[in-house]
Amino acid sequence: MPSFATREHALANRHYNKLPNGTITHVSSCIGINSVARKATGLPARPALGFPPPLEPIAFLVEQAANMSIPGHYHQADQFQVFVAGGGKFG
Numbered sequence: 001m002p003s004f005a006t007r008e009h010a011l012a013n014r015h016y017n018k019l020p021n022g023t024i025t026h027v028s029s030c031i032g033i034n035s036v037a038r039k040a041t042g043l044p045a046r047p048a049l050g051f052p053p054p055l056e057p058i059a060f061l062v063e064q065a066a067n068m069s070i071p072g073h074y075h076q077a078d079q080f081q082v083f084v085a086g087g088g089k090f091g
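Be aware that the sequence shown starts at 1, since it is given in this note's numbering, and climbs by one per residue.
Source of the hints: derived by calculation from the structure; they are not laboratory data.
Check the hints yourself; a few may be wrong.
Straight-line Cα separation of at most 20 Å, SDA-like style, residue types lysine to any residue; simulated pairs [what the hints assert, rightly or not]: (1) Lys18 x Val62; (2) Lys89 x His73; (3) Lys39 x Tyr74.
Just so we're clear, the structure is a prediction, and the values are computed from it rather than from any experiment.
From just these sequences and the hints, can you work out the full model?
Listed below in structure tokens is the structure:
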């Protein structure tokens, strides 16, 4: 079954997030719910359910200011990074 979200839905689910290194981001949940949205809405963290974990479709937009960095980290699901404005680099 296809999953999709409108721009209005994503903007209604946009949350402020400050990382431990001080980088400020805004995370908009488009499909599914990520850890930032769970925290912002008072939901508990997702429990660890063994390996491999159950996976479901998830899509979100992360906005951050220029010249800021996000520390390296890993996700349980395969991810594809898409730059939609500005520029960036990996590594």
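Outcome of the hint check:
{"no.": "1", "hint": "Lys18 x Val62", "in the structure": "12 Å, holds"}
{"no.": "2", "hint": "Lys89 x His73", "in the structure": "15 Å, holds"}
{"no.": "3", "hint": "Lys39 x Tyr74", "in the structure": "19 Å, holds"}
The structure fails none of the hints (numbered hints given earlier).
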